[in-house]
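S.K.: Using the sequences and the accompanying hints, generate a full structural model.
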Amino acid sequence: MKKHNIHLQPLGKTLTVNDQTPLIDVLHEYGIEFPCGGKGTCGKCKVKLVAGEIETTDIHRQKLALLGLGAEWRLACYSTCTSDITLEIDQYNHLILADESEFEYSPQRGFGVAVDLGTTTLVAQLIDLATAKVLAVETMLNPQVKFGADLISRIQACIDGNEHELKRLIRFNIGTMIELLLVKHNVPLHKIAIVGNTAMHHIFSGFDVSPLSQYPFDTPHLHAITFTTSELDWNFEVVGDITFFPSIGSFVGSDILAGIAATGMHKNDTYCALIDLGTNGEIVVGNKNQLICASTAAGPAFEGTNISMGMRATTGAVSSFKLVENKLIANVIGNVSAKGICGSALVDAIALLRKQDLLGIFGEINSGESTIELIKGISLTQKDINEFQLAKAAIAAGLEILCQSLKIQLADIQSIYIAGGFGNYINSSHLVETGMIELPVTKIHKMGNTALIGAKMFLFQDANTIDEIRSKTIHINLESHPNFQDIYVDKMLF
Amino acid sequence: MNELLVQLLEVVELGKADQKSPFPPQLKGQDGASELTTKALEAGVSPQDILENALIPAMDKVGKKFAENKIFVPQMLMSARAMGAAMLVLKPFFASGAIKTKGTFIIGTVKGDLHDIGKNLVAMMVEGSGWSVIDLGVDVPAERYIQAVKEHPGAVVALSALLTTTMVNMGQIVADIKAELPDTFVFIGGAPVNNEFCKKIGADAYTPDPQGVVEYLNKMAS
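Those protein sequence lines, which keep their order, are chains A and B.
The first sequence runs contiguously to residue 494 in my numbering.
The second sequence runs contiguously to residue 1222 in my numbering.
Be aware that one or more of the hints could be misleading.
Derived lysine-lysine pairs resembling BS3-like cross-links, with alpha carbons at most 25 Å apart [what the hints assert, rightly or not]:
id	chain 1	residue 1	chain 2	residue 2
1	A	K39	B	K1091
2	B	K1200	A	K383
3	A	K39	B	K1199
4	B	K1070	B	K1100
5	B	K1064	A	K383
6	A	K383	A	K288
Just so you know, these hints were derived from the structure itself, not from any lab.
Computed from a predicted model, the values in this text were never measured in an experiment.
M.R.: See below:
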């Protein structure tokens, strides 16, 4: 079969691929993402063709025209490789948070791996079980992103017959990450703890995801499951168990179970809340007697998917804005020129635009223009602002409804923990000022990747702790609350 | 035109349901849609006139602004609430037949899906354009649409879905409705839906926003 070379700039990498290889198959490893699942609607997988030819179909040309992209651009999701080509890609160098937190533990012998299997990012840490120290970290993008950014598109991809491919990809990548950890430290592994949301749990384990695709979302597989390395096609040895921890409900998985463990909220007398500002926006509220949790559709805006200049927290993203003498000043990740804004900067921008009285209470741009320039070359559209309102209202309404279910007031919450990828960059005061969290800023604590912290703790805990948290935690569906719409819409206002 | 109708049009467009409602701030303490409708009736304006010359044009303006991204969901819902307050006053005239509606519109979110805000927005806009609306709620199976059409012969049906995974249920529901009642006109809508999908499953029309449905329906009725 004919082979072609793909040169990637500015990485300086060359890939050799078979004739007719779809670019979607080879580029996602280099940080190209496919948030819309290859439908050609989001334009996030655009690549600049520097040399060579990629033929375009009518539909490809239509999509490029709709996105306002000129002749040098191609959408990777619509492209196949038929000759040697050179591409310029700038979606590289992902910064994935790896946590270094400390916690209480009883020393054990040997070494373990904690894995946070996120919808968007994967993190694996090699832990010395005698000291609980992190020896090494590996991070990767979830290889399933080529099937779409959100959970529903992954579930849809499985239903469309790709379930084996999604399972193979995720098992392979996690196996690879662990091998890379072992290359850094050649130690015997005693156990592996994996946490992730329910859809990731099902796909990794090979369970049918179709119950997760529609109401009433009842799946028989919320339980923990253990594997052997041979079942997973992993070429290294593990003395003890490889465990994927149990889910709480159909849309709240062991990543949140781990988050609860990391915050210790299940042991607290006072009420606490945990908000994971990731793709699925899970929220937990409660104390040592009872915890109630739900997922919200908050993620896409925070992950940059529905924001015109939105991107994840990677090189070139504005990570924060501050107001200096009535002008916005941007901090850009990697000290390069700004290419877009990530979730934390979006929160900053909205809060500061409100402060400058440039946005009204309905989120309308007061000048009447359809866009608003933040700094040179970076702007928000009216639609972007509305997307943010949907996301912040989802979180605020979720908090309110969970408090109502517990028959407590929002003000009864003493501590609120913010977790998730961009959680650490976020300015807590701005969360309050935008109305996403209607509590004093002093109650907000940024926790980083609580799923990973919890997974690490699970390496040291027996099943009782996990059963204890699960038995206290119930899962509700926010949309079925009778006043959901009124609460949600009220929270869209500023 | 009657000054009260001009005022009513304005408060519905701005989303002031009644005197007590705090929004919008610039109309604080003034009459809202409810009071103005009562006053218009007392002044001898016909219910049909109130509908056609105040409520329908107000919602038409709101729908157009929403379609152009000039206003967003909260403002649209406030206008819809204001219209609802006026409709409540007019309700007896709908029941007695003193107001003629353009037809009956049956809407629901399809089986497997609980999302109803988009569906509600369409329902309110269509009601505000002078149709009588029957809202079947969420998680609606084919049988309930069919039953509703049988109870309201000639009614137009609209199916809503927010998820790509529930959108697929539309195909079967459209097929079931068409098998039982082949002349029924079926709209589909929702974030993942598009015209291609509409054609593929044999539905009759797709529009990307509520105003599109209103304009389509008005063409059908004229």
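S.K.: Each hint: holds or not?
M.R.: A quick look at each hint next to the structure:
1. Of the supplied pair hints, the one linking K39 (chain A) and K1091 (chain B) is violated, its CA atoms being roughly 46 Å apart against a limit of 25 Å.
2. Straight-line distance between C-alpha atoms of K1200 (chain B) and K383 (chain A) comes to about 29 Å, which puts the hinted pair past the 25 Å bound.
3. For the given pair, K39 (chain A) sits about 18 Å from K1199 (chain B) by alpha-carbon distance, which is consistent with the 25 Å threshold.
4. At roughly 31 Å between alpha-carbon atoms, K1070 (chain B) and K1100 (chain B) are farther apart than 25 Å, so this suggested pair is violated.
5. Using a Cα cut-off of 25 Å, the hinted pair K1064 (chain B) and K383 (chain A) holds, with the two alpha carbons roughly 15 Å apart.
6. Taken as a hint, the K383 (chain A) and K288 (chain A) pair is broken in the structure, with Cα atoms around 41 Å apart against an allowance of 25 Å.
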